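Novice: Take a look at the letters that make up each chain.
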Amino acid sequence: MAEDRKVVIVTGIPGVGKTTVINTAVQMVRDEHNEEILILNIGTEMFEIASERGLIKDRDELRKMTTAKQREVQRLAGEAIAQKAKTARVIVDTHTLIQTKNGFLIGLPEWVSNAIQPKTVVLVEADPEKIAGRRTTDETRTRDAQLTDEIDTHQRMCRAAAVSVGTITGATVRIIKNREGKVEEAASELASTLME
Amino acid sequence: MAEDRKVVIVTGIPGVGKTTVINTAVQMVRDEHNEEILILNIGTEMFEIASERGLIKDRDELRKMTTAKQREVQRLAGEAIAQKAKTARVIVDTHTLIQTKNGFLIGLPEWVSNAIQPKTVVLVEADPEKIAGRRTTDETRTRDAQLTDEIDTHQRMCRAAAVSVGTITGATVRIIKNREGKVEEAASELASTLME
Amino acid sequence: MAEDRKVVIVTGIPGVGKTTVINTAVQMVRDEHNEEILILNIGTEMFEIASERGLIKDRDELRKMTTAKQREVQRLAGEAIAQKAKTARVIVDTHTLIQTKNGFLIGLPEWVSNAIQPKTVVLVEADPEKIAGRRTTDETRTRDAQLTDEIDTHQRMCRAAAVSVGTITGATVRIIKNREGKVEEAASELASTLME
Numbered sequence: 480m481a482e483d484r485k486v487v488i489v490t491g492i493p494g495v496g497k498t499t500v501i502n503t504a505v506q507m508v509r510d511e512h513n514e515e516i517l518i519l520n521i522g523t524e525m526f527e528i529a530s531e532r533g534l535i536k537d538r539d540e541l542r543k544m545t546t547a548k549q550r551e552v553q554r555l556a557g558e559a560i561a562q563k564a565k566t567a568r569v570i571v572d573t574h575t576l577i578q579t580k581n582g583f584l585i586g587l588p589e590w591v592s593n594a595i596q597p598k599t600v601v602l603v604e605a606d607p608e609k610i611a612g613r614r615t616t617d618e619t620r621t622r623d624a625q626l627t628d629e630i631d632t633h634q635r636m637c638r639a640a641a642v643s644v645g646t647i648t649g650a651t652v653r654i655i656k657n658r659e660g661k662v663e664e665a666a667s668e669l670a671s672t673l674m675e
Numbered sequence: 480m481a482e483d484r485k486v487v488i489v490t491g492i493p494g495v496g497k498t499t500v501i502n503t504a505v506q507m508v509r510d511e512h513n514e515e516i517l518i519l520n521i522g523t524e525m526f527e528i529a530s531e532r533g534l535i536k537d538r539d540e541l542r543k544m545t546t547a548k549q550r551e552v553q554r555l556a557g558e559a560i561a562q563k564a565k566t567a568r569v570i571v572d573t574h575t576l577i578q579t580k581n582g583f584l585i586g587l588p589e590w591v592s593n594a595i596q597p598k599t600v601v602l603v604e605a606d607p608e609k610i611a612g613r614r615t616t617d618e619t620r621t622r623d624a625q626l627t628d629e630i631d632t633h634q635r636m637c638r639a640a641a642v643s644v645g646t647i648t649g650a651t652v653r654i655i656k657n658r659e660g661k662v663e664e665a666a667s668e669l670a671s672t673l674m675e
Numbered sequence: 480m481a482e483d484r485k486v487v488i489v490t491g492i493p494g495v496g497k498t499t500v501i502n503t504a505v506q507m508v509r510d511e512h513n514e515e516i517l518i519l520n521i522g523t524e525m526f527e528i529a530s531e532r533g534l535i536k537d538r539d540e541l542r543k544m545t546t547a548k549q550r551e552v553q554r555l556a557g558e559a560i561a562q563k564a565k566t567a568r569v570i571v572d573t574h575t576l577i578q579t580k581n582g583f584l585i586g587l588p589e590w591v592s593n594a595i596q597p598k599t600v601v602l603v604e605a606d607p608e609k610i611a612g613r614r615t616t617d618e619t620r621t622r623d624a625q626l627t628d629e630i631d632t633h634q635r636m637c638r639a640a641a642v643s644v645g646t647i648t649g650a651t652v653r654i655i656k657n658r659e660g661k662v663e664e665a666a667s668e669l670a671s672t673l674m675e
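Protein chains in written order, with this note's numbering: chain A, 480 to 675; chain B, 480 to 675; chain C, 480 to 675.
Bound conformation, chain A alone:
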């Protein structure tokens, strides 16, 4: 496919080491291809668009918009990202599913995904036990097993969400394992997806 899409959405649940993988990959592309990757964030784009249009004055107000208005701003943010991707290779650093006490929030609903038109949705994953270890403090150590189980469920559901985005947009879906002590390997895989 003569690929004209340049946005790679990079997702991963807290504790997988997503930021390190992204930063290492961006540096690799800089070193090996002399090219700069633009790292974007949906929330920031939303804030900029809503401010420009005089809809809000500060970032807190974003959350207070009606669902319909917020959806509209999300869509516009997606389009702004697609626009920026016309002149640069872009990473969108975000989440497929955000865990809250009331369930999983959808990070990439249809109207955002379709506006962005990503080339690839990357799932940065790590071993659930390792993630649990990073998140666990001494006082919560007793519930490690349940936490590991919840992390495993979260990570598996993120896969389903990424596949759903792929089905809607045609984006490829790539799992990148961030193995303990092997961040260079993970970053190298991300770099190859960026330069594909």
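If you're looking for bench data, these hints aren't it; they were derived computationally from the structure.
Copies of the same chain are indistinguishable here, so a pair counts whether it falls within one copy or spans any two.
Here are the simulated DSS-like pairs of lysine-lysine, each with C-alpha atoms no more than 27 Å apart in a straight line:
{"id": "1", "residue 1": "Lys536", "residue 2": "Lys548"}
{"id": "2", "residue 1": "Lys485", "residue 2": "Lys656"}
{"id": "3", "residue 1": "Lys580", "residue 2": "Lys548"}
{"id": "4", "residue 1": "Lys543", "residue 2": "Lys485"}
{"id": "5", "residue 1": "Lys661", "residue 2": "Lys609"}
{"id": "6", "residue 1": "Lys485", "residue 2": "Lys580"}
In this text the structure is predicted, and so the values were computed from the model without any measurement.
Since the structure of chain A is already known, use the hints to place chains B and C on it.
Specialist: Chains B and C alone, transformed into the frame defined by chain A:
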């Protein structure tokens, strides 16, 4: 998000104890918030709409409609539910995937989900072995292991279906575990989603 | 449901024995119902449409089209399949997710799925270890465990993709296990879905 959506879709495969969780949660909301939750069913709404429009005379005829006509009635039922949710908090008691001998039927296709515009899709889940135990009679006890495996698969696929509905509609997705002897805990989680 | 849809999409990852299951099922339908099943392929349909319209001269050029143009040809291929299904029972022999070195390609994106309007998406599955065994040569035998794990992941993600297609189109989703030495059983299940 200033939440203006009031429909919570509650799903769960046969044997998870969904009805008990729903009834207990509704009672909790009644006791603690003095509020009545409307429990709706897609099939009933479909029947009402199709009858009103003179399309059918009894419920059996629903199944005999063409796919295109049935889809239209499903969409109208979804809209009727969304309409009722303007003046009340609503539970839609339904299924994500219905197991039949010819595979899984989709309980929440895109056109129904988009018409309902749910706030949350809840997956009531239970331990596959416990569900198998509840479904198993003496004569089938020998194939317990395979049944447990099938139940596990069904439950996991329901998660994917819920995530797909979430991606299309923006609804949050919440897993509520109905643990043996702890229906109050599960109901309390559902009550908090209802009142969120 | 008065079923007017006649396309069954049959998917399965390399090594599950999909072709044998399809051919055996088609023969069963021929023997038992004296009916011929048309087996179609999305790539072939795409090539025919693009050739007819003078867009390409050979199959290689398909891959060199822009994403937008390729998507259009995919959609037209889906419509051609739906058209052929008006006068015959049809199997579309394809993939839900195609594994490449840069991640999973989406075999059934929304615009193709909606154009085809399948009755059922079948997932032909086999035991990951058995698939690994069939794919493994002596020199790679050492990494069997990781391969089995990758195959398991691929197969599970295909389920999510099938459910996503089901949610978008309303198609049922059926898992057919192709157990070692029991291809007749699998074929018989497929035959019943074809004749449903």
